[in-house]
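Kindly produce the complete structure, drawing on both the sequences and the hints.
There are 2 protein chains.
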Amino acid sequence: MSAGVVKVGLLGLGTVGGGVIKTIRSQQEKLSSRLGKRIEIVKALVRDSEKERAVELDRSVLTTDFEEVLKSDVDIVVEVMGGVEPTYDYVRALIEKGCHVVTANKELLAKRGTELVDLANRHQVHLAYEASVAGGIPILSVLRQFLRTNDINGVRGILNGTTNFILTKMETEQLPYQEVLRQAQELGYAEADPRSDVEGFDAMYKLYILAQLVYGESLPLAEVKRRGIADLTSGQIRIASELGYRIKLIAQAQQAPEGIRLSVEPTMLPTNHPLAQIQDAFNAVQLSGNIVGDLLFTGRGAGELPTASAVVEDLAYLLTQPFTPHPEWKETEAATGSVTQQNGDHSLCYLEGSAPAATPDRVLHFLRHAGVDVHKLKVQFDLGGVLRAGLITSGMRAEHEELLQSDFGLQVRCFPLLGSVE
Amino acid sequence: MSAGVVKVGLLGLGTVGGGVIKTIRSQQEKLSSRLGKRIEIVKALVRDSEKERAVELDRSVLTTDFEEVLKSDVDIVVEVMGGVEPTYDYVRALIEKGCHVVTANKELLAKRGTELVDLANRHQVHLAYEASVAGGIPILSVLRQFLRTNDINGVRGILNGTTNFILTKMETEQLPYQEVLRQAQELGYAEADPRSDVEGFDAMYKLYILAQLVYGESLPLAEVKRRGIADLTSGQIRIASELGYRIKLIAQAQQAPEGIRLSVEPTMLPTNHPLAQIQDAFNAVQLSGNIVGDLLFTGRGAGELPTASAVVEDLAYLLTQPFTPHPEWKETEAATGSVTQQNGDHSLCYLEGSAPAATPDRVLHFLRHAGVDVHKLKVQFDLGGVLRAGLITSGMRAEHEELLQSDFGLQVRCFPLLGSVE
Chain A
1 MSAGVVKVGL
11 LGLGTVGGGV
21 IKTIRSQQEK
31 LSSRLGKRIE
41 IVKALVRDSE
51 KERAVELDRS
61 VLTTDFEEVL
71 KSDVDIVVEV
81 MGGVEPTYDY
91 VRALIEKGCH
101 VVTANKELLA
111 KRGTELVDLA
121 NRHQVHLAYE
131 ASVAGGIPIL
141 SVLRQFLRTN
151 DINGVRGILN
161 GTTNFILTKM
171 ETEQLPYQEV
181 LRQAQELGYA
191 EADPRSDVEG
201 FDAMYKLYIL
211 AQLVYGESLP
221 LAEVKRRGIA
231 DLTSGQIRIA
241 SELGYRIKLI
251 AQAQQAPEGI
261 RLSVEPTMLP
271 TNHPLAQIQD
281 AFNAVQLSGN
291 IVGDLLFTGR
301 GAGELPTASA
311 VVEDLAYLLT
321 QPFTPHPEWK
331 ETEAATGSVT
341 QQNGDHSLCY
351 LEGSAPAATP
361 DRVLHFLRHA
371 GVDVHKLKVQ
381 FDLGGVLRAG
391 LITSGMRAEH
401 EELLQSDFGL
411 QVRCFPLLGS
421 VE
Chain B
1 MSAGVVKVGL
11 LGLGTVGGGV
21 IKTIRSQQEK
31 LSSRLGKRIE
41 IVKALVRDSE
51 KERAVELDRS
61 VLTTDFEEVL
71 KSDVDIVVEV
81 MGGVEPTYDY
91 VRALIEKGCH
101 VVTANKELLA
111 KRGTELVDLA
121 NRHQVHLAYE
131 ASVAGGIPIL
141 SVLRQFLRTN
151 DINGVRGILN
161 GTTNFILTKM
171 ETEQLPYQEV
181 LRQAQELGYA
191 EADPRSDVEG
201 FDAMYKLYIL
211 AQLVYGESLP
221 LAEVKRRGIA
231 DLTSGQIRIA
241 SELGYRIKLI
251 AQAQQAPEGI
261 RLSVEPTMLP
271 TNHPLAQIQD
281 AFNAVQLSGN
291 IVGDLLFTGR
301 GAGELPTASA
311 VVEDLAYLLT
321 QPFTPHPEWK
331 ETEAATGSVT
341 QQNGDHSLCY
351 LEGSAPAATP
361 DRVLHFLRHA
371 GVDVHKLKVQ
381 FDLGGVLRAG
391 LITSGMRAEH
401 EELLQSDFGL
411 QVRCFPLLGS
421 VE
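Taken in sequence, the protein lines are chains A and B. Each residue of the first sequence is one higher than the one before, starting from 1 at the first, in full-length UniProt numbering. Each residue of the second sequence is one higher than the one before, starting from 1 at the first, in full-length UniProt numbering.
Keep in mind that a hint or two might mislead.
Given that identical chains are not distinguished, each listed pair holds provided it fits within a single copy or across any two copies.
[Stated by the list, open to error] Below, a list of computed lysine to any residue pairs in the SDA-like style, where the Cα atoms sit at most 20 Å apart:
1. K169 x N272
2. K7 x L318
3. K22 x Y88
4. K22 x R148
5. K22 x I152
6. K169 x P274
7. K97 x S72
8. K7 x L62
9. K30 x R144
10. K30 x Y215
Don't read these hints as lab results, they were simulated from the structure.
Listed below in structure tokens is the structure:
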């Protein structure tokens, strides 16, 4: 590292990349006085060097050729281009050259993190990724701090702002999923191709990273229980609300005797649960330590500046720290039966169908005889004779759901419960 | 420091001291593997060495004589005895001997922190105090992290669990202050002499420490606006709730062009404000950074184990860090007029009096002519002809309050508003 200047290379110059440059520029004085060095962006890899950009950069800094970044004398690379290919190859080549890496790329870490951590250790470079989970919320550094003195029993949270925005709008404005998704896309909260968010992949990648940190291991991604929000209806959300619950896309990591459990799925929470109160595009992470108890951290989980803030904090931090080996990442097999019911036996089941076959009496009679307890019930009929019911149940199994579908002609959707039954 | 063992002295062995010992014991393996050293409690200063204690300690460890601690070969001292005298003298003597200090004592820091920081720097020892603010919430370390890249515009929060417990109970169970205080004392949430909590001193000390960290300076304690909760009535709390607000004891630090502002006072928040949703004995801190935006941290602010967790984290952290000088603490004069209205011009005013003089019409007429806007109003009469009114106002000044008292015979209590007017 040349005296007085830290040379930074950027891979990608989209929203977050622009935010990183703005943050480095607006906070340059503060950063220099803490680091004793100026931070300079010397190379930025972009797809199109002619494109108009929100931040001004000298044309000689921009390049469309990765080899130019690799041949330059950058000390640290900030990877904010996203994706796995060709990102992994670029990051790998830079680590092998001795560059420190700061990344916000959860997909890259969840899919190739094990190799990258190992590679960084072998080349004795920093690999920092606070920005990859929950944007501006410093959850990784807080977890590292607690792990010094606490056993962390569990981590759960709302790790995706797009889906939380959609669920909030669906509830408060009683709008269908497709319409809210379109609004979210217009507002820039959702991508043109929204699958990574709405099908739970984004939250799953973040959960994978949290598990590596907390438990020193994670499950292969294919073993994580993942369910998205695209099939939720406003009817389900409304009836949940009438029963005193709210649907959130909850990511959970828990350690059970038989192994760790990871899940991302629409989950019912009593409306007074702290995570039920996280609305709009906010993220929140709740952790339980055996000494410190429960803590909740809330903030903007995405966006140009919150994410850039985390990237630049990582940058500033690693410049003041000697290299220490990163704990190895591992993947373990999911234990059999480990990702079934997460919270005792309770669930909220939404039923919808036509009245002749499916009267509340007949449904309840069936459930009672099947050994399913119904703790609370909300039934609606509309003028067309359609029955909609929400039931807080315990003991409901897949075979009961199937029978309700086949014998009663009902659509059935059950959600696990987090928190206590109201 | 002798190889393999860190020798720790304890000043005080009450609730938190006991928690520290339990935490060190239950987490010994984790701590040793991270530190490469075992932590051993070699001396503990107590008032009464005969007293029954929740944790077992060798009798030779206990002493009632501070000189024995000073003469022992402790590397680090954990100060959890509280108070300023004789604590300050003890801590001073230990620093001068070259001992590192971990303290949970907010009063000591708020009253003598400037000198202690200076002394620790001169003797090149660590002075760590995460446990002094908001117990298990790692707010100081999070703030230090954000300060690397953010300007912090403001910090506000619920820093005292006892008063938050009392306010929650007064609202949810509609009980008078004195009765809830008695319950809190029985449950161990409030001290026999509750003044430090209910008059806002405890929250003020914590706010003072936060300001030193965030702004590099604080106000002399006498210049902090401080008002407690002991004169709040359930009538005020009820009418606030009917207007859509909740009263919380809010501590705030803000930087204004004319200087910093510090206040601790009962404050009205819309019930959907994140801080309004912090109930019971929980603490919460909200910070606003220019890059990261608003973040909220929630957890148990007191109690044996959460506080002990913070103490032991500090202990584990400083054992792995070389000494670096602590930023100097300073006190600045309060700017004139700096601690007046905190949030624009809005307040919630509670009026109570007898109907003949004080009819709603006459009161509203008076306010209109005085230039006070009334945005929302809730009026109650009881059978005895007593008027109780809650008004969301703007433009209300002390002279108006005085006239409402003298000319209308009303009791008046106005609360500043945090958040937007509903």
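ask   = What hints, given by number in increasing order, does this structure fail?
value = Hint check: 3 fails alone, others pass.
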